[in-house]
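Quick mapping for you: the protein sequence lines, in order, are chains A and B.
Numbering (numbering that gives the first Met the number 0) for the first sequence: 0 to 362.
Numbering (numbering that gives the first Met the number 0) for the second sequence: 0 to 531.
There's no promise every hint is true.
[To be verified] Cut-off 30 Å, straight-line C-alpha distance, at most; resulting in silico cross-link-like pairs (BS3-like, lysine-lysine): (1) K74/B to K286/B; (2) K264/A to K286/B; (3) K74/B to K16/B; (4) K74/B to K122/B; (5) K286/B to K186/B; (6) K220/B to K122/B; (7) K264/A to K184/B; (8) K460/B to K220/B; (9) K264/A to K186/B.
In short, the hints are calculated from the structure, not lab data.
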Amino acid sequence: MREGMVRIPSGCAISGIISTKGIRFNGEAITRSIACMHERANGLGGGFVGYGIYPAYRDLYALHLMYETAQARTDTEEYLGRHFTVHQAEPIPTRKTAGVGEAPMLWRYFVWPKEESEDGADRDGDDYVTAFVMTVNGRIPGAFVFSSGRNMGVFKGVGFPADIARFFRLEEYEGYMWVSHGRFPTNTPGWWGGAHPLGILDWSVVHNGEVSSYGINKRYLEMFGYCLELQTDTEVIAYLFDLLHRRHGVPLDLVCRALTAPFWKDIDRYEERERAVYTALRRVYGSAMLNGPFSIIVAFNGTMLGLNDRIKLRPMVCGRKDHFILMGSEESALREAVGDLDAVWNIRAGERFIARLEEGVTV
Amino acid sequence: MRGYLPPEYLVHIDHGKCRRCGNCVRNCAFGALQFEHGAWQQIMRIFQHGQDDLQQVFDKIKENVPDRVVADHHKCVQCHYCVTHCPEGAISVQPNPLAYRGNYHWQPHHLKNIWLQAETGGKLLTGAGNDKTYFSYFDHMVLDACQVTNPSIDPLREPMELRTYLGSRPDALEFESGPDGPVLKTKLAPAVRLETPLVFAGMSYGAVSLNAHKALAMAAKACGILMNTGEGGLHTDLYPYADWIMVQVASGRFGIDPDYLRRGVAVEIKIGQGAKPGIGGHLPGEKVDEEVSRTRMIPVGSDALSPAPHHDIYSIEDLSQLIYALKEATEYTKPVAVKIAAVHNVAAIASGIARAGADIITIDGFRGGTGATPLIIRDHVGIPIEMALAAVDDRLRQEGIRNRVSLVASGGIRHSGDVAKAIALGADAVAIGTAALIAMGCRLCQKCYTGNCNWGIATQKPELTARLDPERAAERLVNLIRGWSLELKEILGALGLNAVESLRGSRLRLRGIGLSESDLRVLGIKNAGVGA
Ligand code: SF4
Ligand code: SF4
Numbered sequence: 000m001r002e003g004m005v006r007i008p009s010g011c012a013i014s015g016i017i018s019t020k021g022i023r024f025n026g027e028a029i030t031r032s033i034a035c036m037h038e039r040a041n042g043l044g045g046g047f048v049g050y051g052i053y054p055a056y057r058d059l060y061a062l063h064l065m066y067e068t069a070q071a072r073t074d075t076e077e078y079l080g081r082h083f084t085v086h087q088a089e090p091i092p093t094r095k096t097a098g099v100g101e102a103p104m105l106w107r108y109f110v111w112p113k114e115e116s117e118d119g120a121d122r123d124g125d126d127y128v129t130a131f132v133m134t135v136n137g138r139i140p141g142a143f144v145f146s147s148g149r150n151m152g153v154f155k156g157v158g159f160p161a162d163i164a165r166f167f168r169l170e171e172y173e174g175y176m177w178v179s180h181g182r183f184p185t186n187t188p189g190w191w192g193g194a195h196p197l198g199i200l201d202w203s204v205v206h207n208g209e210v211s212s213y214g215i216n217k218r219y220l221e222m223f224g225y226c227l228e229l230q231t232d233t234e235v236i237a238y239l240f241d242l243l244h245r246r247h248g249v250p251l252d253l254v255c256r257a258l259t260a261p262f263w264k265d266i267d268r269y270e271e272r273e274r275a276v277y278t279a280l281r282r283v284y285g286s287a288m289l290n291g292p293f294s295i296i297v298a299f300n301g302t303m304l305g306l307n308d309r310i311k312l313r314p315m316v317c318g319r320k321d322h323f324i325l326m327g328s329e330e331s332a333l334r335e336a337v338g339d340l341d342a343v344w345n346i347r348a349g350e351r352f353i354a355r356l357e358e359g360v361t362v
Numbered sequence: 000m001r002g003y004l005p006p007e008y009l010v011h012i013d014h015g016k017c018r019r020c021g022n023c024v025r026n027c028a029f030g031a032l033q034f035e036h037g038a039w040q041q042i043m044r045i046f047q048h049g050q051d052d053l054q055q056v057f058d059k060i061k062e063n064v065p066d067r068v069v070a071d072h073h074k075c076v077q078c079h080y081c082v083t084h085c086p087e088g089a090i091s092v093q094p095n096p097l098a099y100r101g102n103y104h105w106q107p108h109h110l111k112n113i114w115l116q117a118e119t120g121g122k123l124l125t126g127a128g129n130d131k132t133y134f135s136y137f138d139h140m141v142l143d144a145c146q147v148t149n150p151s152i153d154p155l156r157e158p159m160e161l162r163t164y165l166g167s168r169p170d171a172l173e174f175e176s177g178p179d180g181p182v183l184k185t186k187l188a189p190a191v192r193l194e195t196p197l198v199f200a201g202m203s204y205g206a207v208s209l210n211a212h213k214a215l216a217m218a219a220k221a222c223g224i225l226m227n228t229g230e231g232g233l234h235t236d237l238y239p240y241a242d243w244i245m246v247q248v249a250s251g252r253f254g255i256d257p258d259y260l261r262r263g264v265a266v267e268i269k270i271g272q273g274a275k276p277g278i279g280g281h282l283p284g285e286k287v288d289e290e291v292s293r294t295r296m297i298p299v300g301s302d303a304l305s306p307a308p309h310h311d312i313y314s315i316e317d318l319s320q321l322i323y324a325l326k327e328a329t330e331y332t333k334p335v336a337v338k339i340a341a342v343h344n345v346a347a348i349a350s351g352i353a354r355a356g357a358d359i360i361t362i363d364g365f366r367g368g369t370g371a372t373p374l375i376i377r378d379h380v381g382i383p384i385e386m387a388l389a390a391v392d393d394r395l396r397q398e399g400i401r402n403r404v405s406l407v408a409s410g411g412i413r414h415s416g417d418v419a420k421a422i423a424l425g426a427d428a429v430a431i432g433t434a435a436l437i438a439m440g441c442r443l444c445q446k447c448y449t450g451n452c453n454w455g456i457a458t459q460k461p462e463l464t465a466r467l468d469p470e471r472a473a474e475r476l477v478n479l480i481r482g483w484s485l486e487l488k489e490i491l492g493a494l495g496l497n498a499v500e501s502l503r504g505s506r507l508r509l510r511g512i513g514l515s516e517s518d519l520r521v522l523g524i525k526n527a528g529v530g531a
């Protein structure tokens, strides 16, 4: 059975590093970090996302696809060609790696939407790409888009994270921000698309835990037209950020506060302005609140955000070393990445930490 | 003439235990118990049988055969008042074991109803909720709990939140930045805050006693929830509790003036009621005493007739006009609720009500109670709340308007398990009427329509209403709400949740047992044994 047909609870390890000065570094540090938490994964899923890795194609959408059949590729490329100008199409470079089983065909395309769409609708590039991803993943059997942002890319598969990193030759890429995930699913989906991170446009999400409020979060999102194909918590989290931040325009910090809302006993003590803000957040976005044990890293263009559940049922620790900010499930994983840390702190229950590129830094 | 109807219950007095205090005789408002003189009985017998030997009578008098309590079994309604209050525990009431020729189609209650109608020629009345053996969906749904992959939460150690708001919500919020942080820009519609997702269902002063109304209001205040006036107006004694009172506007428009509307925290338009969908109300003139008359704003002794429909609401546009008239009258400071009975097309109706501008929709299922209703309507009209609630929540979501209204479910909610299941099906809060009356002493004897409620609840007779001490009844209600709230916290904790909104509408946490495919589909739940 494939992910999306059943819901699979997983335990996990997560880890992320950002250089706030926008300095690019290769995939070895993040690989060391996630590999250190080997015990938290069981070889059934590992993945990475790197930001700033395609400077030569900075402005183009980098689409990563996996194909299970040649037909899937033919169909997808035909569809892609109709709607996008393809500047470059190539297999994603990999190396044979012990521990990584049979892989699907892995391709990447650097593309830009054609000026006129068939239906003549006036949309921006993001909408074209989102529509493309939804169509391919929903309608073309055996094809799956697993990365669709600009100047970033997701690399993931079935295996331990360290093996997946070797397989994708991550030491050959340089990015200013990396996030990774090692998975311990309770089932054996054996499907590469089911590994994490989950990415849509330049947003990516990794998550450790189980969202106990999944049932209502899903129904809430469906009301706004989202179709939850994968039935994963990660998908729910990604779409909630998309709905609240991108579509509703709620400031990122308040999105975090809506998802891991403060307790009423605290809200009752806030001063008037804050009390109004949080009472409204809870009243209006109660169905979006995430309940249950989780730690989450959400990354997008220049920002890395860590979020811990309301009563801290999953570990999440942050560290700083020079211009690096790190987050992960364990302190050891941070130290493994960069050596001694200048500072280390826990993200408290229901709290968030947002790391951003310094003012004026461009990547 | 006794008629063909055998007694429903047999009252047994243990004359060995009875100390002839006379409590029960004085207490029974239905007149089922009398004292009889030992000697007097003998005299009557002699006269009846035409004997002229009075020696026996004199013997009895000489032997001082004492008075004894005897029952007229026909009059007993099994309200248990005598049983509960007999100081010697000398009374027991049993169902009449009278055998009927077994007949699956013609059950004894069918025969009895026919005999009764053959004698009276009237429509049969009853009180309380549908008691027939319809399938209970609540009893065929079970809740989930956490094991291993996510931890359950201990409500004794961790905060567990039940606070609930009833009212309309916008789809999105807007903020602007202020000097000290973000400031809320969106102006929210008015809403009422509940400290636990429970409210008392609408029950009018008239149908129930003033003491019952007071008890409900006091308990609502103590628990931070709402009581609902029902359609009988608001007695001045309840004014101090107005911040915890939802005032109702029903088809009879009893007791309504601008002050009444402004006094409550929310206004409810009552279109229908689960126990009698499509039927109006009739409070007999005998129940309209001085106080009821003042509160309902009708003359003493006059029948209070609530028409079946609102005569200014013959369509959804008309409802919308009334909703906005009430909003105008309350200057848009209070949410307006609309209460409907669960009927076949409830989903479309609810969607229309949401679009007509209501902030809250109360759906009352066919198990919902009443003070008086034609038996045939109570037992045969309407659908279960579980189905209605699921259908309404689904429809509002399909149409993307679920945020516009809060849903309150009622109609046969018996315990906190039913509450949790209703919330998981999609209810924002649950209204309880029958359960609240039971907490105050009600025995579900279904005789509310007679005005003889021995427990002082569904009556206006001063000697009976005096039996209900509002303070003590309120305390019992507070205990009930507290007990259910504690249980809800246990359920949430077992589900790994610490706020009730994470259960609301989370059908994934329910499973069906012994339900058909179509039942499961309407309820939107999976069968037990099917994983996530
Ligand atoms: S209340 Fe009990 S003790 Fe008193 S008269 Fe009735 S049966 Fe006898
Ligand atoms: S309220 Fe009184 S009359 Fe009505 S069912 Fe309960 S006990 Fe009987």
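Handout entry: List of violated hint numbers, smallest to largest
Key = 2, 5, 6
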